[in-house]
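Chain A is fixed; fit chain B with the ligands onto it per the hints.
The listed protein sequences derive, respectively, from chains A and B.
Note that my numbering gives residue 193 to position 212 of the first sequence, counting from 1, and the numbers run on in steps of one.
Note that my numbering gives residue 530 to position 464 of the second sequence, counting from 1, and the numbers run on in steps of one.
One should not assume that every hint holds.
Calculated lysine to any residue pairs in the SDA-like style (CA-CA distance at most 25 Å, straight line) [claimed, not checked]:
#1 Lys842(B) x Arg18(A)
#2 Lys842(B) x Asp43(A)
#3 Lys842(B) x Arg172(A)
#4 Lys212(B) x Asp79(B)
#5 Lys842(B) x Arg215(A)
#6 Lys842(B) x Gly0(A)
#7 Lys842(B) x Ala47(A)
#8 Lys842(B) x Ile103(A)
#9 Lys842(B) x Asp79(B)
#10 Lys842(B) x Arg44(A)
#11 Lys842(B) x Met59(A)
#12 Lys842(B) x Leu57(A)
#13 Lys842(B) x Glu100(A)
#14 Lys230(B) x Glu168(B)
#15 Lys842(B) x Gly19(A)
#16 Lys842(B) x Val194(A)
One side of the interface only, derived from the structure: several residues of chain B facing chain A at Cβ under 8 Å [unchecked claim]:
#17 Val488
#18 Leu489
#19 Leu752
#20 Glu754
#21 Ile757
#22 Ala760
#23 Gly762
#24 Gly764
#25 Ile843
#26 Val845
Each pair of labels, with its calculated beta carbon distance range [to be verified]:
#27 Leu811(B) x Arg44(A): 55 to 61 Å
#28 Trp81(B) x Ala210(A): 51 to 57 Å
#29 Arg841(B) x Met(-9)(A): 50 to 56 Å
#30 Arg841(B) x Asp199(A): 31 to 37 Å
FYI, nobody ran anything at the bench for these hints, they're computed from the structure.
Glycine included, C-beta positions come from ideal geometry on N, C-alpha and C.
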Amino acid sequence: MSEPERAVLMARGLAKTYGSAAGRVHALRGVDFDLARGELVVLLGPSGSGKSTLLHLLGGLDRASAGRLLFGDLDLAMLDERALTLYRRRHVGFVFQAYNLIASLTASENVALGAVGVERAIAPREALAHVGLADLADRFPAQLSGGEQQRVAVARAIVRQPDLLLCDEPTGALDSATGVVVLEALDRVNRDFATAVVVVTHNAVIGGLADRVVHLADGAIVRSWRNQARAEARNLAW
Amino acid sequence: MVIGLLDRKLLRDLWRWRAQGLGIVLVLACAVATVVMSFSVQRSLAETRADYYHRHGFADLFATLPPAPLSLADEVRRIPGVVAAAARIVGPGGISLDGFDEPITARLVSLPERDGPAVNVLALQQGRMPAGDRPDEIVIDAGFAKAHGLGPGSRLTMSIGGHKHTLVIAGTALSPEFIFALGPGQIVPDDRRFAIVWQDRRALAAALGLGDRFNDLALRLAPGASAAVAREAVDHLLAANGVVAVVHDRERQPSHAFVESQLEELGAIGVLVPAIFLGVAVFLLHASMLRIVELQRPEIGIVKALGFDDATVGRHYVKLALALAIAASVLGLPAGVGLGLVVTEIYAGFFRFPVLHYGPDLLAVAAVMVVLGAAAMLAALQPAARAAALPPARAILPPTPTSPRAIVGEQMVVRHLGVPAVLVLRQVVRLPLRTLLTTLAVAFAVGLQIATLFSFDALDEMVDVFYGRAQRQDATIAFAAPLPFGTLADIARWPGARQVEGRLDLPARLTLRGAARDVVLAGIPADATLQRLLDTALAPVTLADDGLALSRRLAGILGARIGDRVTVSPATGRPFDLPVAAIVEQYVGLGAYMDLATLGSRLDTGPIVTGAEVKFADEDRTDFLRALQGSSMVAGYMPRTATVEAFRETMARTLTIIVSAFVAFAAVAAFAIVDATVRVALSERLRELAILRALGFGESTILLMLAGELALAVALALPLGAAVGLGLGQVIVWTLDNDLFHVPLVVGWRSYATAAGTVLAAAILSSTLAAGRVRKIDVVAALRAAAA
Ligand SMILES: Nc1ncnc2c1ncn2[C@@H]1O[C@H](COP(=O)(O)OP(=O)(O)OP(=O)(O)O)[C@@H](O)[C@H]1O
Ligand SMILES: [Mg+2]
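Excised from the complex, chain A in its bound form (with noise of 0.2 Å):
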C-alpha cells in the first residue's frame, strides 16, 4: 500500500535486561525496527517475548539497557528523565489493554487529560466523535462499558495527534464485535492523521489490518512481512 516514508523512529539493536537477584532476563536481544510516519504496524509473538518491553522503549516510558532509539534526530538514550516526559507528551499517544481511565474523570476530561499542555490538540470532544463516543462525553468511567472505555482510551491517545500511536493489547479484554470498533478508531486515525501506530497483539487476524506485521519471539525479531493490502478493520472477525 502506501509506500513508507521517511523513518519517524529508528531503532537499532535494542536490548533490555532485566536484573534481579534470582537471575537475568532478557527481555529484548538487540531488536532493529524502523517505523515509518502514518505506517500501521501490528507486533505479534508468543508470551513473553517482549512485545510490551519494545512498546515501553519505543514510548519512551522505560529506557533501553543498550542498542540506539533516534526519533528523526534525537536520541531517546540520551535524553534525562524531564525530556523525556516531553517527548512523551508531544509525540506519543498510549492505549494500554486494561483501559487506564481515571475513574473520577469523566470520559471528556480523560480525553482533555491528553491534550494538556500540547499545542497542535484538537479538542476532546472532536476526539471523542472520532471514536464514535460523541454522546456519552459526560459519562464516569464506570458508567461506560469496556469498549467504549477503550475508545475513550484511543481518544486520549489521539486527541494531541502524537506522531506515534501505541497500544499494547487494545482489544485483549474485549469480544469480537466491540474488538472490532476499536481497531477501526485506530485504523480512522492512522488513516486520517497519517499517525504511525503500533499495536500490540496475541490475534494474528488483526495482522490483516497492517501494513507491516512483525513477530517477535524470545526478544528477537524473528519474522517481518508487508501485507499486499490492509484489510476493512471491519471485515475482520474471530
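Leaving out everything else, chain B with the ligands in the frame of chain A:
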C-alpha cells in the same frame, strides 16, 4: 492451605504497607506509651509514698494545742485505735544566713525521743542525729540545706523565743511530714525562705520556755481505725481537760494535702490525655482500614471470585488491624515503661522521697493491650464488614465517585487551571469520605498538640493574672501573732516603706444551705490596691463594705450566688452572716474576702491584723529588710518575685514534666498522622499518577497535584484542629480543676503556631519524601500491575 495463603497476603500487605503502616503504628504506639508511662508514674509515686509513710510512721492525726503537761499525752495514748502518740514541741523561729539578706522563717520541731513512739521518723540524709549531750545540735530539712549549700558542721544563727542562738547542723533529713515544707502564707514551697529545724525536745522547750509541756501531737492509728472516730475521741478528751485544740487528719496536713493534690492532678491528666491519644489512634486506625479496604477492592473481588466466603475476607482485615496493634504494643510498651522510669525519677527528686519504688503498672499494660486489641477490632469492624459485603462484581471496578453531577464552578477551574486542577478538586469533593478522613486526621494532629501545649500558656496566664494583675505588693509579711491595727503605721515608718496594707487571715467555716467549707477568710482593705480582687472578666472589683467576695471555685462549692447570705463561723469567735457581694477569679487556692475593718468590728478581738502587704522603694530594700530582721513580730516574709519563682518552679517540676512528655508524644503523633495520610493518599493515587506520567505529565505537575490536595486538607484541618484542641483543652481543664489550682483554658498564639508549624513541617517533610516516591514511580511496573 487456603487460610495460609490469605495470611501470606496479610504479611505481604503489611510489608508492602510498612511505610504507611509505620505512621499508624507510631500513633498507636504513642497512645500505648502515654498510657503505660502515665499509669506507671502514678502507681510508682503512690506506692513510693505509701511505703515512705509506712516505714517512717507518718501520723494519721495531728493536733495543735496550747502548752499542756506530758501526762495528757499518756491519756491520749489510751484512746482506742491510737497506736502511738508523739507529744512534741513545735514553734516558730527565724534564721539569718550570711549572704542572704532576706529573713528566713523556720518551723522548729522537737526531735522524737530516742525510745519514744515511731511517729514521723526522720530519714537522715547526711551526718547524724544530734548527740544527747549537745543541745546546740540540730537537724535541718534537706531541701533547705541544699538551697543554701549547708551541711553537717555548718553553723546557723537562729532567733527562738526572742533570743539569738548559734546552732550547729549535725545532719540533714527528710520527713514524711514535710515532703513539702510550706511556710506561713505559702501556697507553693520555697526552700530558700522556709526551713524545718529539728532540735532536742528539752533544748527547744527551754528556748521556748515550755518546760515539761508540749504543744503538738502526732498520732498514729491502728490499721483500719477510723480517723474521724479517733479525731472525735481526741477532741473530746482534750476538751474535757480544758484544752482548746485544733485536731485534723491527713487531709488538712499541708504537706500531705499538697502531695495529694499534685498526685491527683497527675492522675487526672494522666488518665485523660492517654485516653485522648488512644481515641485519636483508634480513629486513625479506623480511617486507615477504610482506605486500605477501598484500595484493595480489586483484590477483594478476586479473592471472593475465587470462592472465599465473606467472613474469611472480613476476618482478614480484622487480623490486619490486630497485627498493627501488636506492632504498636511492641514499640509502645517498652517506650512507656522506660519513659515512666525517667519521669518517676524526676518526680521522686521533687517529691523528696528517700527511696523510689519504680514498677511498670502491669495492670495498665494488660488493660492497654486489651483496650487496644478491642479498639483495633472495633476500628476494623466496619471496614472489614464493608470488605465482606462487597459484591465481587463491583469490587473489581474502581470506586464510583459519589455524584456524577458537575460541581459548581468546575468548568471555570478547568478553563483556568486545567484538568489536573479539576482532578484535585473532584478528588476532594466527589470522594467526601476520603477528604473528611484526611482532614479529620490532620485536625487531630493539630488538636492533640494544642490540647497538650496550652498548659504552658495557662501557666503563664495564671502567673500573669494572679501575680501580675491581682497581687501587686513587693512582699507579704506574716506576723508571728495577731497584732493591733496600729502596727501597720509602725511598719509604714520603716525606711523605704512606700505602702502598707494590712490583712487578717482568719480560719473560718463558711456555710450556705447545708454546704460548708473550711477556708481562710482574708480581711483586706475594701480599697486594697496591693492585693486586688478581679472579677470573672479579670477587671478589678472593689469590696463592698459589708459583703463577701468568693472565688469562683469556692462559690461553686457552696453553690453561692450574688446576694446569698453565707454564714461565717470563725474558728474562735461568734458566727455572723454576710451576703455574697462579688464572685472573683482566682487561679490559685480557694479565696474568701471581706473588708478588713468590717471583719475587725465583727470579732471580739477588735481590729487586728495577722500580716501585711508592703511596697518599698527598691533602693531602700536593704534598709527595709534590716528593719524587718530586727523586728520580733515578723514570722514570715515572702517577696512576690520569689513566690512567682517558687510557683513556676513547682509547676515546672510537677505538671510540666508529664505534660512535656505528652507534648513530645503529640508532636511525634502529629508527624506520624500527617505522614501516614500523605503516604496513604499517594498509594491511593499511584495508578492514576502512573497513567498521568505515561501521558507525559511531568513530576512537578504530579507533585503539585499531591501538594494541592494536602494543602487543601491542611487548610481545612487547621481551624478544625484549633476547635478540636480547644474542646479537648476544655475537658482537660475541667478535669484538672481542684481546690489548689484552677487552670484556665488559654491558648496563646505560640501554641497555635507550634501546632500549625509542626503539622506544616510534617506536611512539607512528608511531601518531600513523597516526591522521592513520585520520582521513583515505575510507570511500566504500575501499568503492568494495573493491567494484571
Ligand atoms: N520488571 C521485570 N523484571 C523481570 N523480568 C521482567 C520484568 N518485566 C518483564 N519481564 C520479563 O521480560 C520478558 C518480556 O516481557 P513482556 O511483558 O515484554 O512480554 P510480552 O511479549 O508483552 O508478553 P505478553 O504477551 O504476555 O504480554 C518476560 O519474560 C517477562 O517475564
Ligand atoms: Mg505484554
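Against the structure, the hints:
Restraint check: the Cα-Cα separation between lysine 842(B) and arginine 18(A) comes to about 33 Å, which exceeds 25 Å; the hinted pair is violated. A C-alpha spacing of about 12 Å is found between lysine 842(B) and aspartate 43(A), which places the hinted pair at or below 25 Å, so the restraint holds. With a C-alpha separation of about 37 Å, the suggested pairing of lysine 842(B) with arginine 172(A) is violated against the 25 Å cut-off. Using a Cα cut-off of 25 Å, the hinted pair lysine 212(B) and aspartate 79(B) is violated, with the two alpha carbons roughly 58 Å apart.
At most 25 Å may separate the alpha-carbon atoms for a hinted pair to count; lysine 842(B) and arginine 215(A) exceed this at roughly 42 Å. Restraint check for lysine 842(B) and glycine 0(A): satisfied, since their Cα atoms lie roughly 17 Å apart, inside the 25 Å limit. For the proposed pair lysine 842(B) and alanine 47(A), the alpha carbon gap of about 21 Å is at most 25 Å, so the pair holds. At most 25 Å may separate the alpha-carbon atoms for a hinted pair to count; lysine 842(B) and isoleucine 103(A) exceed this at roughly 32 Å.
For a cut-off of 25 Å, the pair hint linking lysine 842(B) to aspartate 79(B) stands: about 20 Å separates their Cα positions. Between the alpha carbons of lysine 842(B) and arginine 44(A) the distance comes to roughly 14 Å, so the proposed pair stays at or under 25 Å and holds. This hinted pair checks out: lysine 842(B) and methionine 59(A) have alpha carbons roughly 19 Å apart, not beyond 25 Å. Taken as a hint, the lysine 842(B) and leucine 57(A) pair is honoured in the structure, with Cα atoms around 19 Å apart against an allowance of 25 Å.
Annotation: proposed proximity of lysine 842(B) to glutamate 100(A) is violated, straight-line Cα distance about 28 Å (limit 25 Å). A C-alpha spacing of about 17 Å is found between lysine 230(B) and glutamate 168(B), which places the hinted pair at or below 25 Å, so the restraint holds. Between the alpha carbons of lysine 842(B) and glycine 19(A) the distance comes to roughly 34 Å, so the proposed pair goes past 25 Å and is violated. Using a Cα cut-off of 25 Å, the hinted pair lysine 842(B) and valine 194(A) is violated, with the two alpha carbons roughly 35 Å apart.
For the restraint placing valine 488(B) at the interface with chain A, the shortest Cβ-Cβ distance is roughly 7 Å, inside the 8 Å limit, so the hint holds. Annotation: interface hint on leucine 489(B) holds; nearest CB of chain A at approximately 6 Å, less than 8 Å. Residue-level restraint check for leucine 752(B) is violated (minimum Cβ-Cβ distance to chain A is 12 Å; threshold 8 Å). Because the closest C-beta pair between glutamate 754(B) and chain A is about 5 Å apart, less than 8 Å, the hint holds.
About 5 Å separates the beta-carbon of isoleucine 757(B) from the nearest beta-carbon of chain A, less than 8 Å, and the hint is met. Checking alanine 760(B) against chain A: minimum C-beta separation of about 5 Å stays under 8 Å; hint holds. The interface hint given for glycine 762(B) is met, as the beta carbon of that residue sits about 3 Å from the closest beta carbon of chain A, less than 8 Å. Checking glycine 764(B) against chain A: minimum C-beta separation of about 5 Å stays under 8 Å; hint holds.
With a least beta-carbon distance of about 11 Å to chain A, the hint placing isoleucine 843(B) at the interface is violated under the 8 Å criterion. With its C-beta approaching chain A no nearer than about 5 Å, valine 845(B) sits inside the 8 Å limit, and its interface hint holds. A C-beta distance of roughly 60 Å is found between leucine 811(B) and arginine 44(A), which places it inside the suggested range of 55 to 61 Å. For the pair tryptophan 81(B) and alanine 210(A), the supplied restraint of 51 to 57 Å holds, since their beta-carbon distance comes to about 55 Å.
Distance hint for arginine 841(B) and methionine -9(A): a CB-CB separation of about 29 Å, inconsistent with the stated range 50 to 56 Å. A C-beta distance of roughly 33 Å is found between arginine 841(B) and aspartate 199(A), which places it inside the suggested range of 31 to 37 Å.
In summary, the structure is inconsistent with hints 1, 3, 4, 5, 8, 13, 15, 16, 19, 25 and 29 from the numbered list given earlier, while agreeing with the others.
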